[in-house]
Structure formats: C-alpha cells, structure tokens
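We have chain A; now place chain B onto it with these hints.
Residue numbers (my numbering), protein chains in the order written: chain A, 1 to 507; chain B, 1 to 507.
Honestly, the hints are just simulated from the structure, not real lab data. Because the structure is a prediction, the values reported are computed rather than measured. Incorrect hints may appear among the rest.
[Stated by the list, open to error] Calculated Cβ distances over 12 Å to all of chain B for the following chain A residues:
| # | residue |
| --- | --- |
| 1 | ARG17 |
| 2 | ASP29 |
| 3 | PRO38 |
| 4 | GLY121 |
| 5 | PRO346 |
| 6 | TYR355 |
| 7 | GLU433 |
| 8 | ASN485 |
[Claimed, not checked] Sample of chain A residues at the chain B side, in silico, Cβ under 10 Å:
| # | residue |
| --- | --- |
| 9 | ARG32 |
| 10 | GLN58 |
| 11 | ARG67 |
| 12 | ARG72 |
| 13 | GLU80 |
| 14 | GLU81 |
| 15 | GLU83 |
| 16 | VAL138 |
| 17 | ASP334 |
| 18 | LEU335 |
| 19 | ASP348 |
| 20 | ILE371 |
| 21 | TYR439 |
[Stated by the list, open to error] Result set (SDA-like, lysine to any residue): computed pairs, CA atoms no more than 25 Å apart in a straight line:
| # | chain 1 | residue 1 | chain 2 | residue 2 |
| --- | --- | --- | --- | --- |
| 22 | B | LYS443 | A | LYS454 |
| 23 | B | LYS484 | A | ARG17 |
| 24 | A | LYS436 | B | ASP182 |
| 25 | B | LYS436 | A | ASP29 |
| 26 | A | LYS454 | A | GLU383 |
Yeah, the Cβ is synthetic: ideal placement off N, Cα and C, and Gly gets one too.
Number of protein chains: 2
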Amino acid sequence: MFEAAELGRTVSKEEYRSEVAGLRWQLLDAQRQLRTAPFPLIVVFGGVDGAGKSETVQLLNEWMDPRWIVTRAFDEPSEEESERPPHWRFWRDLPARGQIGLFLSSWYSAPILERVHRRTGSAELDAAARRISTFERVLADDGAVILKFWMHLSKSAQKRRLTELEADPLTRWRVAKRQWKDWKLYERFTAAAERMISQTSTASAPWVIVEGADERYRSLVVGTTIRDALYKAFAALEESQSARNSLETSTVGGAPSARTLTRRKRGPTVLARLDMSRTIPDGKFDRLLEKWQGRLNRLQREALRRRVSTILVFEGWDAAGKGGAIRRVTSALDLRECRVIPFAAPTDEERAHHYLWRFWRHLGRAGRVTIYDRSWYGRVLVERIEGFAAEPEWRRAFAEITEFEEQLIDHGIVLVKFWLHITPAEQLKRFEERAKSPYKSWKLGDDDWRNREKWEEYERAVDEMVARTSTRRAPWTLVPSNDKNFARIEILRTACKALDDRLRRKG
Amino acid sequence: MFEAAELGRTVSKEEYRSEVAGLRWQLLDAQRQLRTAPFPLIVVFGGVDGAGKSETVQLLNEWMDPRWIVTRAFDEPSEEESERPPHWRFWRDLPARGQIGLFLSSWYSAPILERVHRRTGSAELDAAARRISTFERVLADDGAVILKFWMHLSKSAQKRRLTELEADPLTRWRVAKRQWKDWKLYERFTAAAERMISQTSTASAPWVIVEGADERYRSLVVGTTIRDALYKAFAALEESQSARNSLETSTVGGAPSARTLTRRKRGPTVLARLDMSRTIPDGKFDRLLEKWQGRLNRLQREALRRRVSTILVFEGWDAAGKGGAIRRVTSALDLRECRVIPFAAPTDEERAHHYLWRFWRHLGRAGRVTIYDRSWYGRVLVERIEGFAAEPEWRRAFAEITEFEEQLIDHGIVLVKFWLHITPAEQLKRFEERAKSPYKSWKLGDDDWRNREKWEEYERAVDEMVARTSTRRAPWTLVPSNDKNFARIEILRTACKALDDRLRRKG
Chain A
1 MFEAAELGRT VSKEEYRSEV AGLRWQLLDA QRQLRTAPFP LIVVFGGVDG AGKSETVQLL
61 NEWMDPRWIV TRAFDEPSEE ESERPPHWRF WRDLPARGQI GLFLSSWYSA PILERVHRRT
121 GSAELDAAAR RISTFERVLA DDGAVILKFW MHLSKSAQKR RLTELEADPL TRWRVAKRQW
181 KDWKLYERFT AAAERMISQT STASAPWVIV EGADERYRSL VVGTTIRDAL YKAFAALEES
241 QSARNSLETS TVGGAPSART LTRRKRGPTV LARLDMSRTI PDGKFDRLLE KWQGRLNRLQ
301 REALRRRVST ILVFEGWDAA GKGGAIRRVT SALDLRECRV IPFAAPTDEE RAHHYLWRFW
361 RHLGRAGRVT IYDRSWYGRV LVERIEGFAA EPEWRRAFAE ITEFEEQLID HGIVLVKFWL
421 HITPAEQLKR FEERAKSPYK SWKLGDDDWR NREKWEEYER AVDEMVARTS TRRAPWTLVP
481 SNDKNFARIE ILRTACKALD DRLRRKG
Chain B
1 MFEAAELGRT VSKEEYRSEV AGLRWQLLDA QRQLRTAPFP LIVVFGGVDG AGKSETVQLL
61 NEWMDPRWIV TRAFDEPSEE ESERPPHWRF WRDLPARGQI GLFLSSWYSA PILERVHRRT
121 GSAELDAAAR RISTFERVLA DDGAVILKFW MHLSKSAQKR RLTELEADPL TRWRVAKRQW
181 KDWKLYERFT AAAERMISQT STASAPWVIV EGADERYRSL VVGTTIRDAL YKAFAALEES
241 QSARNSLETS TVGGAPSART LTRRKRGPTV LARLDMSRTI PDGKFDRLLE KWQGRLNRLQ
301 REALRRRVST ILVFEGWDAA GKGGAIRRVT SALDLRECRV IPFAAPTDEE RAHHYLWRFW
361 RHLGRAGRVT IYDRSWYGRV LVERIEGFAA EPEWRRAFAE ITEFEEQLID HGIVLVKFWL
421 HITPAEQLKR FEERAKSPYK SWKLGDDDWR NREKWEEYER AVDEMVARTS TRRAPWTLVP
481 SNDKNFARIE ILRTACKALD DRLRRKG
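For reference, chain A alone in the conformation it holds in the complex:
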C-alpha cells in the first residue's frame, strides 16, 4: 500500500514558490466561501512520527485564517472523557458548519496503537474500522467534507528524520525515547495502518497517502487536495441548489412526506395492538408507587456506586403524560445525580452541527441518570412529518440512531426508551380539560391541535420507528397511558427491571 509513497518525489524551491503563491489565495478564498456554507471541513492526519503531520497542520494554519480553524489532538482521555463512550470527545470537538477541523490525532489513533502494542487482535481492529466508517458516513451524509491524509516515510527515511530532529537543538524535544521505541515497531505499525486504511477509505471519506520525506512536496499535496475538495463541494452545493429550484417550480402540491406515507402499508400499527384498557385503581397505585420508587432509589444508588449510567428516553403523544411520569421518576431519584433535559427546537449552536450532536453533548458522567424529555427520535417523528428533515435524511436516521444507541450500550449504559400511548379520544378529553382549566390552559397550544390532525401520519411514523429501532439490545417500551396510574407504574417497573438486569451483570 505504501510503496507509491516511497518514490522520493520532491518539488524544487522555484516550483514550490510559484505554486504556493496561488494556492494560498485559493485556500483563503475557499475558507471564506466555506464560512457561509452549510457544512464543515474535517481533515484527519495520520502517519509515522517525523513525516510532517504537525508541520503541515502548522502550515495550513499559516496559509489560512486560524480563527476559523479548530486544531485538535486527542491524548489519553481525561477522567470526564473516559466516563462517556469513546466517541463522545470526537463529537464534542467536531467543527461547526462553516468551520475547518484539523485533527492531528483522531478516532484512528487508539485502535491502531492498541493493535501495534498487541493489546487487541485483528478482529477488534476490524470492528473499530467498521465503527469509524459508520461515524464518517454519518457525518458525510450530513454534508461534511472529510479528507484523511496518511503521512508516510519508509523505515530508513524515518530513522534519518528522527536523527535530524535530534541533532537540531530547536527540535530535539520532539524526539523522546517513545519515538525510537515506536520506530522499532515500524513494521507492526504500518501493518495495522494498512489494514485500517484499506477498510476505511471510502468515496465520502477517502485516505490520501502522502510521501512525507520532502516538505515542499507533501505541503503541496495536502494544500491542493484540500483546495480541490472544497471547490468540488461548493460546485456540488450550487448544482443541488439550482436543481432544487427548478424542481420546486415544476412540481405541483403534495408534500413528499404525505405521499410517502400513503404508499406505506395500511395494516394495524404496533400501537393499535396495545391493550389500552389496563388500569390501576388509586389505592393500589399508592402502594405500587411506593414500592417501585423505593426500588428505583436503591438501584440508582447501587448504579452510582458501580458507575453504571442510565438514560431514560421519553417520547409520546401530546398530553400523554410525559411530564407527570417524569416527575414520578425524578421523585424517586437522588436529584444530585440526575439530569432532566427537555428537547424542543435546537439552539443555533446545535443547528450548526449534525442533528445527533446535541444528544451526544448531554451524555452524563459515569453512574448518573439522564432523562431525555423527547430525543433523537424527533428526527423520524416531528422532523419527518413536518418536513424539517428531507426523506433521505430521516430514512438514514434509523441506521444512525441504532448505531448511536449501540455505542451507548457498548459503553455499559442502561438505555430505556418509552413511548407513551393514548387513544385519540383520550387525547381530546385531556385537551378539553386543559382548555377549561385556568391552571392548565397554557399547556395547550395551536401546535397541539395541528399535530392532532396529523394523528394517522404520526401513528404510521411511530410504527415504522418502532419497527426499525426496537432492537434486542435497545428495545422500545410502548406504554398504554390512557390510565395515568398504569403508565406511571409501568414506567417505574420497566426502568427498575432494566437497571436490575444490568447490575446483575459484571462490570
């Protein structure tokens, strides 16, 4: 794989100078255009020590405006980082739309180094590669331009380079014992890298292998590749915009989401099969509430001690009783170790990132309970129905969500997802009660009535959501909620069972 990067290619001083003058302006111009574009540029650097990774990143920061560049490297995870799934810190530091992220070390570093030092086998390397491919596809699907440069040196060239750096008093600090130790593992390192690169070089996130021996050559390769990728992305953007404009003028009526839904199967939905007659009388409810709240409290304390985190997701119809149910849960919990996050419209910082970003950012520390009042499922519910997400966007969200939840569960987090279901008649009754009550009328808005008119569309969307995202490891719990007592106990019981199952396992 790396043979083509050992050809000894060089660029003369004159050629370099004449090329760079134009390139710098083009890069600055591309960066300026990018600032108002609806996507970020993500550039990952990998490769052997001494092949020019940090020099190149330094140079890009000089050629462009460093104020709109986010340069990051990931060392050993900090305490707070290691309490979340491994990708949490990468998500946190992703550049916003319009920005450039340069990653001097990245999601590739740990899997490759683990393999080099024989702490993992090939199977684990391959699993990491699959996860990374998915991660990058998720970002690319959202529009991100992703480039990955592997800076290569032959073993002998690396030796020469390290010796050079060591000889210069200004750069001597860069060569410690570790660098020479790594050099001795050169073969292992390139083998692991080859395997990783071949599995993660995709059309939307390609690897470019760069011969690192000649500074001028490698700088030009990286600079022009970035320039070309950005201009290509701008051109594609323009094309898709003009295509959309001509499409809009030629189509007549009919929102695509509605059409799609009409085409779908018309059988009973998973919600239609729920037994909505279940109730719990008040006297029995009080006893059960005390029992399950007490149990949840004990389980939470045990989970905190064992550093097992919990995420409870609440979705459901308007007026299905999410707020009341959440209150019955929180009143069982030690609130110091628990956070309730209500999700309404995204803030502008959130809008400047991938839609999953705002859910990643709220993941709690080890052992804590986080309650998501509405969640990432908005993508395939309200965003789908109201057309805030285009059809390809919400369609691919099913896989994106499953992958996201996999990462939570792999990290040992207990994930419980509730859909609070009520019948249309019950909803109407509750709306009317709210309208009449001076204390509750503020809870009822025009949106609620509008959503109610789209009941069938929503029900089909919920049906598909459950079909696509209720997995063995992350199942949905559909809660019949016409009777509030029943719903509340069901929720407490389910949360307890999930926590209990998890705590019976080791680790």
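For chain B alone, kept in the frame of chain A given last:
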C-alpha cells in the same frame, strides 16, 4: 444568629394541606411565567445534615416541573474542573434565563468546610465571602433572582434526626461515619456558617434561615419565599418596562451613550500618547520574528509541563492587524495545546446567560494557551457605543471584568491583553487597499465604515477602559500598530516576557 431557628415552630397537617394546595399552583404558575422572563432563579441550600435540604429540593421538583429545573450539587472537583479557577464549574452550571437552578451544595460548601477542618483561617473565609458576594452581585445586577436558604437544626435536634434516619432501613444509607464526625464538629460548623452568612446576606441575595426540625414548616417557608420572590420580580419587571415605555415617548433624540461621552473629559487619550512612529525594517523583522517565536515555543512547552495556562486577549481597531498578529503567535505554538476563539455576536445559548458566561466557558485546561480574538471587553466597547448594553450595564462591567480577571490570575493563569492601535489615516489607507484588492475586499464591510465614523467615541471608550481595567496584575499592552512588523514583534515579546515572569515564580 440561629436562635430564632430553634423555636420549635411547627405546622399542623390540616394547615399544611390547605396551604400547599394553593402554593403548588402558584409555584407552577410562577415557573410558567418565569420561562419567558429575562432572568433565572437561583436557589442555594446550605445547612446541617438532616435539616431537610435534599427533601426540600425533592419537594420543589415535585411541586414544579422538573424539566425546567436544574438541580446541582458540587462534590470534589473533577480533574477538568480543578484545572480551571474554582468558580468555573459554578458558571458552567448556572441556569439560563427562564430556568430555575437549585443548588444542594454550592460555592459556599468548600470555604465553610475548609474552615471547619482548620485547613484555612478566618481571613481566608472572609476573602471567600467577599468573592462570593461579588459573584452574586454580578448575577443579581444582570437580573437573576437569588435566594439562599440555611436549613438549621440545634445540635440535639440534629442528633435525634440522624438517629431517626439511621433507624429506618430506607434512609439508613444517608447516615455514614462522616455525618457523625461532622456532628461532633457542630459548633465549629455553625461558627463558620454564621461568619459566612453574616458577610454574604445582601439585599439582592439574602440568606433565609429556616428552622429545619418540622418538615411541613420548613417546606412552607421555602415554597412561599420562592413564590413571593418570583412574583416580586415579575412586578418589578413590569414596572420597569412601563417606565421605559413612558420614557421613550417623552425623550427626544440623542442616544445616552453619545451624551455621556460628550460630558467626559476632552484631554488627550492614552492612545494619543502612543509613539506611532516606531517601525522595524523587514530584514531585522525576520531575525527578530525567528528569535521571539523560538522563545515563545520553548516557553509554551515549559508552561505545559508546569501546567501554567495562558490567555492572550486581542482587541483593537478594525484593520489594526489582529488576524496577522494572531497568526504570528499561533505559528510559534504547538497547535495541539492552543485554541483560538473568535468572538462575534453571541449565540442564542450565550445570550440566555450573563454576558461573562461565554468567556468562562472557553477557559482552557491546565497548561494550554487560549487566544481570545475579541473578548469580554466588547461590553465596554462595541456594546457601549452601539447601545447594546445600557449605561449602568457597561459601567458596572469595569468592576465585573476586573473581578473576573482577578480569578484567572489567582488561579495562576498568565493573562496578557493587547490593544492594537493604528491612526485614523492608517486605517483609511488599509480600508482603501482592501477595497481595491480582489482577495481582501470581503474583509471590508459596511460596519467597518460605520465604526470609523465613531472613531472619537471609540477612542474615549478605549481610554476609559484602559484607565479602569489596566491593573498591576492585569495590565493592558497598547501596541502601536501602524507598522505591522513592529506590532508583531512587540506582541511576541510581551507574551514571552509575561510567560517568562510567571514561570520564574514557583508553583
């Protein structure tokens, strides 16, 4: 101080029930009104173990909607927290406007406990009290409603309470050895608390001492106090809005900021006294650049090793060369350990907090360099001149900023503040160059020309800013920047000197 909280006051079951029914609705109503109000509610709880702090917080979460309540407690600082000034984590977790923050432990906990355990003396307790008072005044000045409840029990009542909790299998976990150890230090604890409370009970952030023995009594006291404070704040808001409306209709022309400025002294400003003739020729510049960049690079590595953080603040006229100067600094630094944060208009999350919040949130980890491209000084510059901040707001900002910077410096951070000064003629020349250049014209906007017309106003504002915020520990460096070479070297030299001075000190 606590005698009045040992009177054995109780509330009967009947009285409680009838009171609570109304109180709950009022609290819910107040919470609903708060959600669109331009301020947060901050409630701090302190007191002895067993006096009902956590029960009360639990109850407030039941009475109101927990989704709009942020409940927090602060344990030992995490690794990332202890790498920033102590108040960083409090700022991070402050509720946004419209939200309620309940703090089960807070900025009071550490100073009181440190004193109880004799790790600090009275002088340090008093210093902490002063810092806290300032912190709370800063928040209250911004509109925050702050309430602080001290939950009290007499020594014997606490003993009874702890014994009770221990006897109940459901609450036994709450009483560990630590609680009994603390009980033995009861006198010390109340003495430290008394001293702290008496120094921090202010009109805008009063302490309410609550007799904690009777659950019903203490719940009503806390609930009604919160209700009353919120209603009072809503009334004050309404009044100030109608006052403003009538003011607006009665005044004719003349922005207050302009008038204020005319009233100010007309002597030469601190900028007028700068020697603007200083230059460095290109050949010499190259040598000096290499020298100072090399030195800065070595100092950064030493600072990282010693975990000394650096903050460089860049302010200056449009076209004064901030971008170019920052580039000369970053190209000397290891970008993995450095962040450049450009501050333009605040995001909506930032707008929902105190104006200092967004600067706190970007403080870097230990040993890192953070470059603020524009900063908190916007409050007394652009926000002042353009009227985004009212006169009382920017006036008190001088003290708020000084206090903020004190905290940075107390934490051992190196803080260097640059004002890049150019003459109006030089600015005009640069604007015209930009307008002509196809590569630079995008850098020039209508704003730039508008700001230029207000040169004198800005110059007076800079003058006052320097007079008020250039302190011995956090001096301003005014950089004559008509000659870019000179400015860049001056900036590198000053940063090096500040870092060098700091690294010569121990710690």
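Verification of the hints:
Distance to chain B confirms A/ARG17 as a non-interface residue, since its nearest Cβ pair spans about 16 Å, more than 12 Å. A Cβ of chain B approaches the Cβ of A/ASP29 within 12 Å, the least distance being about 7 Å, so the stated non-interface status is violated. Residue-level check passed: A/PRO38 sits 17 Å from the nearest beta carbon of chain B, beyond 12 Å. With a least CB separation of 30 Å from chain B, A/GLY121 remains clear of the 12 Å interface cut-off, as annotated.
Not every CB of chain B lies more than 12 Å from the CB of A/PRO346, the least distance being 10 Å, so the non-interface label is violated. Distance to chain B confirms A/TYR355 as a non-interface residue, since its nearest Cβ pair spans about 16 Å, more than 12 Å. With a closest Cβ-Cβ approach of about 15 Å to chain B, A/GLU433 is found to remain outside the 12 Å limit, as its non-interface label requires. For A/ASN485, the condition that its CB be more than 12 Å from all CB atoms of chain B holds, with the nearest at approximately 17 Å.
The restraint placing A/ARG32 at the interface with chain B holds, with a minimum CB-CB distance near 6 Å, inside the 10 Å limit. Among the interface hints, the one on A/GLN58 holds; its C-beta lies about 6 Å from the nearest C-beta in chain B, closer than the 10 Å criterion. About 4 Å separates the beta-carbon of A/ARG67 from the nearest beta-carbon of chain B, less than 10 Å, and the hint is met. Among the interface hints, the one on A/ARG72 holds; its C-beta lies about 7 Å from the nearest C-beta in chain B, closer than the 10 Å criterion.
At about 5 Å, the closest approach between the beta carbon of A/GLU80 and any beta carbon in chain B falls short of 10 Å, and the interface hint on this residue holds. Residue-level restraint check for A/GLU81 holds (minimum Cβ-Cβ distance to chain B is 8 Å; threshold 10 Å). Interface restraint check for A/GLU83: the shortest CB-CB distance to chain B comes to about 9 Å, inside 10 Å, so the restraint holds. For A/VAL138, the shortest C-beta to C-beta distance to chain B is roughly 24 Å, which exceeds 10 Å, and the interface hint is violated.
Annotation: interface hint on A/ASP334 holds; nearest CB of chain B at approximately 7 Å, less than 10 Å. Because the smallest distance between the Cβ of A/LEU335 and any Cβ of chain B comes to about 4 Å, under 10 Å, the interface hint for this residue holds. Interface restraint check: A/ASP348 against chain B, minimum CB-CB distance 5 Å, threshold 10 Å, status holds. Look at A/ILE371: its Cβ gets to within about 8 Å of chain B, closer than 10 Å, so that hint holds up.
At a threshold of 10 Å, the smallest CB-CB gap from A/TYR439 to chain B is about 5 Å, leaving the interface hint in force. Between the alpha carbons of B/LYS443 and A/LYS454 the distance comes to roughly 48 Å, so the proposed pair goes past 25 Å and is violated. Restraint check: the Cα-Cα separation between B/LYS484 and A/ARG17 comes to about 23 Å, which is no more than 25 Å; the hinted pair holds. The straight-line distance between the Cα atoms of A/LYS436 and B/ASP182 is roughly 52 Å, outside the 25 Å bound, and the hint therefore fails.
For a cut-off of 25 Å, the pair hint linking B/LYS436 to A/ASP29 stands: about 16 Å separates their Cα positions. A C-alpha spacing of about 13 Å is found between A/LYS454 and A/GLU383, which places the hinted pair at or below 25 Å, so the restraint holds.
Against the hints set out earlier in the document, violations occur for numbers 2, 5, 16, 22, 24.
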